[in-house]
Amino acid sequence: MELLLEGLKKAIEMILSGDPEILEITLLTLRVSITAVLVSTLIGIPAGMFLGLARFPGRKLILAIVNIGMGLPPVVAGLWITLFLWRSGPLGELSWLYTPTAIIMAQILVSLPIVTALTSTAFQQINPKLILQVKALGATKLQLFWILMKEVKLAILAAVIAGFGRVIAEVGAAMMVGGNISGETRILTTSIVMEVSKGNFDIALALSFILMTLAFIITFSLTYLQQRKRSL
Amino acid sequence: MRMKLSLFLVFLIAFIAGCSDSTAKEPEKITPKKTDLILATTTSTQDSGLLDVLRPAFEEKHNFNLKIIAVGTGQALEMGTRGEADVLLVHAPAAEEELVKSGDAINRQKVMYNDFILIGPAGDPAQVKDLSLPEALKKITEIKAAFVSRGDDSGTHKKELELWKKTDIDPKILGKSYIEAGQGMGATLQIASEKNGYTLTDRATFLAQKKNMPETEIMVKGDESLLNIYHVMQVNDEKHDKVNAAGAKAFVQFMIEDDTKKIIKEFGGDKYGEPLFFLFE
Amino acid sequence: MTTLLMVKNLEVKAGKKTLLAVPLFEIQDGEVLGIMGPNGAGKSTFIKALALLETPAHGAIFLKEKDITNDLTLEMRRKFAVAMQQPLLLDTTVFNNVAVGLKLRKLPRQEVKSKVSAWLEKFQISHLAKKQASTLSGGEAQRVNLARAMVVEPDILFLDEPFSALDFPTKAQLLKDIKSIIKQTDTTTVFVSHDLMELRYLSDTLAILMDGELKQTGPTEEVLSSPNASTAAFINEWKSLLS
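Chains A, B and C are the protein sequences, given in the same order. Numbering-wise, the first sequence is residues 1 to 232 according to this note's numbering. Numbering-wise, the second sequence is residues 1 to 281 according to this note's numbering. Numbering-wise, the third sequence is residues 1 to 243 according to this note's numbering.
Please note that the accuracy of each hint is not assured.
[Claimed, not checked] Partner residues are not named here, just some residues of chain A that face chain C (Cβ under 7 Å, in silico):
#1 Leu130
#2 Leu132
#3 Gln133
#4 Lys135
#5 Ala136
#6 Leu137
#7 Gly138
#8 Ala139
#9 Thr140
#10 Gln143
#11 Glu151
[What the hints assert, rightly or not] Pairs of lysine-lysine residues, derived as BS3-like cross-links and limited to a Cα-Cα distance of at most 25 Å, are as follows:
#12 A:Lys153 / C:Lys103
#13 B:Lys138 / A:Lys9
#14 C:Lys130 / C:Lys115
Everything labelled a hint here was simulated from the structure, so no lab data went into it. All C-beta atoms, glycine included, are put in the ideal place defined by N, C-alpha and C.
Assemble the whole structure, with the sequences as input and the hints as a guide.
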């Protein structure tokens with residue numbers, strides 16, 4: 001209990017003192033997570049829409065794979081990406097291993113299936129007659145997609161929130177592909193693991209409070225966006 | 001209006017995060033881009049904080065971007081064999097020699113040492129305090145006291161297995177009391193402390209963790225067999241063509257320079273009252 | 001009267017099964033044409049094909065004597081409007097729902113606003129303009145649905161059983177209102193229903209569709225008073241129920 005209070009105190013101290021290292025780690029965490037979620041959203045929503053609306057052979061198989069992907073353990077994602085990014089691996093020339101780019105890749109790999117699967121579920125629930133009705137109102141293909149997207153915007157935002165939650169909490173893959181390098185790939189979760197293994201529980205706790213505050217602010221904003229009074 | 005506020009918040013955060021990137025990159029634009037140099041090392045050198053001191057000293061002297069990947073010695077050596085690291089700083093002499101023999105590592109240099117110690121609960125149920133190491137291990141197996149092993153193929157783990165072998169005891173006879181943590185030194189120490197068990201640790205990590213485990217004490221130390229020697233070595237660029245040979249060479253040289261030795265010798269004195277690493281005089 | 005829409009040899013299939021086969025069908029300008037038939041006769045399929053929402057297996061479609069069979073474009077589709085049994089409103093306000101068709105056609109804002117206001121007025125739902133569609137009663141929602149269809153001033157209005165889910169007083173009032181609006185605007189209308197009472201009230205002409213084929217077409221009262229061999233059983237059953 002005492003340790004909890006101490007950690008909270010330390011967190012406030014660290015934030016108020018503007019510790020440049022903490023600031024750097026926090027900003028990197030944000031940059032990496034937001035980029036990953038943004039990419040997952042930009043790919044996952046159209047992909048989910050396609051899987052939800054289109055009918056083609058192999059669709060069920062793809063849906064099953066995407067659904068399995070939702071439970072992809074981050075360390076597995078990390079391992080695959082490591083194998084690809086190794087100097088001796090197929091993408092070795094890029095020298096991306098142990099860079100923020102590698103962490104972003106791993107986080108996209110774990111969040112993209114979530115965004116895609118939840119989006120596709122949302123579109124599958126649309127009444128097919130509504131699609132017909134919107135067409136009858138004179139919508140082009142693009143206008144149709146836009147209108148349907150607005151119809152399921154709550155579910156889409158929920159998908160993005162879930163994806164963000166996965167990404168901000170992720171540690172195994174970030175450790176493996178990022179290497180927790182100070183000033184380069186050290187993010188909040190990996191530094192928490194490191195501080196724990198160093199025995200610095202107070203710092204680890206402080207970092208965890210910062211992480212949770214961040215997660216709260218962003219999730220709260222997205223939820224607010226989701227629950228705002230609806231208008232066209 | 002409210003929606004705009006929340007949207008604004010999200011974008012503000014994204015913007016700040018984006019800025020951090022551009023500001024971080026600015027200095028790089030002024031100086032020519034540094035080449036990355038990947039150092040694979042053990043968790044003990046990172047967790048003790050030594051590398052946090054050595055990294056800036058190295059980067060000041062040499063134009064390389066030192067990327068420290070702290071993993072178990074087993075993984076660090078494997079990265080060496082695959083050419084995924086440029087330079088290694090590890091503490092598993094027997095395994096290291098194999099790497100040199102296979103031609104994966106060259107220019108292997110002794111850097112420093114500290115010692116392994118056997119730690120255990122202050123109550124000392126097995127009565128091993130100040131015994132010699134083989135006797136201590138024997139006593140632990142006799143009463144089947146809890147013994148926590150790293151179990152992760154790290155340097156410390158290799159050392160532990162070597163010690164059991166020398167004593168001619170198979171730790172498996174401990175049965176359930178032989179706990180394989182499969183984690184780093186810090187986590188293993190915490191498990192030992194929670195389970196009132198004994199464990200083998202390097203002194204540096206133990207000193208760093210001591211504040212969290214007041215009920216845990218050093219049981220056996222100073223035994224000849226407990227020496228923990230760190231070597232630095234280059235990964236052979238003739239065998240692995242993507243290795244940064246120049247950087248690796250510079251780092252090996254840096255680790256045995258007098259200035260660096262002075263840093264190592266003094267490291268830990270102010271915080272723990274005793275140095276964490278020792279030099280070969 | 002001139003022929004507004006004509007189809008020849010229209011055939012709609014689902015796989016190998018023929019859902020609809022109509023050798024010839026015409027709608028006159030300003031006509032209110034009712035299509036009646038039992039469930040599964042192909043009424044909705046017919047409307048989908050006529051409103052260009054479904055591509056027929058074959059057939060030719062002429063709009064004002066112009067062959068548009070190979071020109072089933074968005075532009076043609078936008079000349080029509082459809083209101084179905086379920087109102088299927090979008091998750092937004094009543095105003096926005098009625099405005100959708102105009103917005104999709106990229107009309108200037110001011111024009112959208114004045115047209116929507118006018119049509120809300122005509123359907124007596126101006127007071128609902130700012131309400132969320134999800135909060136409306138069944139009758140209100142159907143009025144919004146019909147206003148949404150009429151606001152684009154379609155060449156042909158297709159009604160696919162829009163009154164069948166309403167209770168009687170609501171239905172009666174809405175039937176009266178839509179009849180007067182159709183007459184006022186002189187809108188050509190195709191009205192599908194299985195309710196003879198609705199059809200008698202609204203349609204000038206009645207077509208009986210059974211098993212995917214048009215069995216009889218003519219002025220409503222004429223069809224009802226003198227059914228032919230194929231339609232007699234169906235129509236007489238209805239008549240005995242009503243009398």
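Status of each hint after checking the structure:
The beta carbon of A:Leu130 comes within 5 Å of a beta carbon in chain C, closer than 7 Å, and the hint placing it at the interface holds. Among the interface hints, the one on A:Leu132 holds; its C-beta lies about 6 Å from the nearest C-beta in chain C, closer than the 7 Å criterion. Contact between A:Gln133 and chain C, as hinted, is supported at the beta carbon level, the nearest pair being about 4 Å apart and thus within 7 Å. Evaluation of the A:Lys135 hint against chain C yields a held restraint, the C-beta minimum of about 6 Å falling below 7 Å.
Using the Cβ-Cβ criterion of 7 Å, the hint placing A:Ala136 at the interface with chain C is satisfied: the shortest such distance is roughly 4 Å. Hint status for A:Leu137: holds, given a least beta-carbon distance of 5 Å to chain C, under 7 Å. For A:Gly138, the shortest C-beta to C-beta distance to chain C is roughly 4 Å, which falls under 7 Å, so the interface hint holds. The closest approach between the C-beta of A:Ala139 and any C-beta of chain C is roughly 5 Å, which is under the 7 Å cut-off, so the hint is satisfied.
Annotation: interface hint on A:Thr140 holds; nearest CB of chain C at approximately 6 Å, less than 7 Å. For A:Gln143, the interface hint holds, the least distance from its beta-carbon to any beta-carbon of chain C being 5 Å, beneath 7 Å. The closest approach between the C-beta of A:Glu151 and any C-beta of chain C is roughly 6 Å, which is under the 7 Å cut-off, so the hint is satisfied. Of the pairs offered as hints, the one joining A:Lys153 and C:Lys103 holds, with about 20 Å between alpha carbons and a cut-off of 25 Å not exceeded.
Distance hint between B:Lys138 and A:Lys9 is unfulfilled; the C-alpha atoms sit about 46 Å from each other, more than 25 Å. With a C-alpha separation of about 16 Å, the suggested pairing of C:Lys130 with C:Lys115 holds against the 25 Å cut-off.
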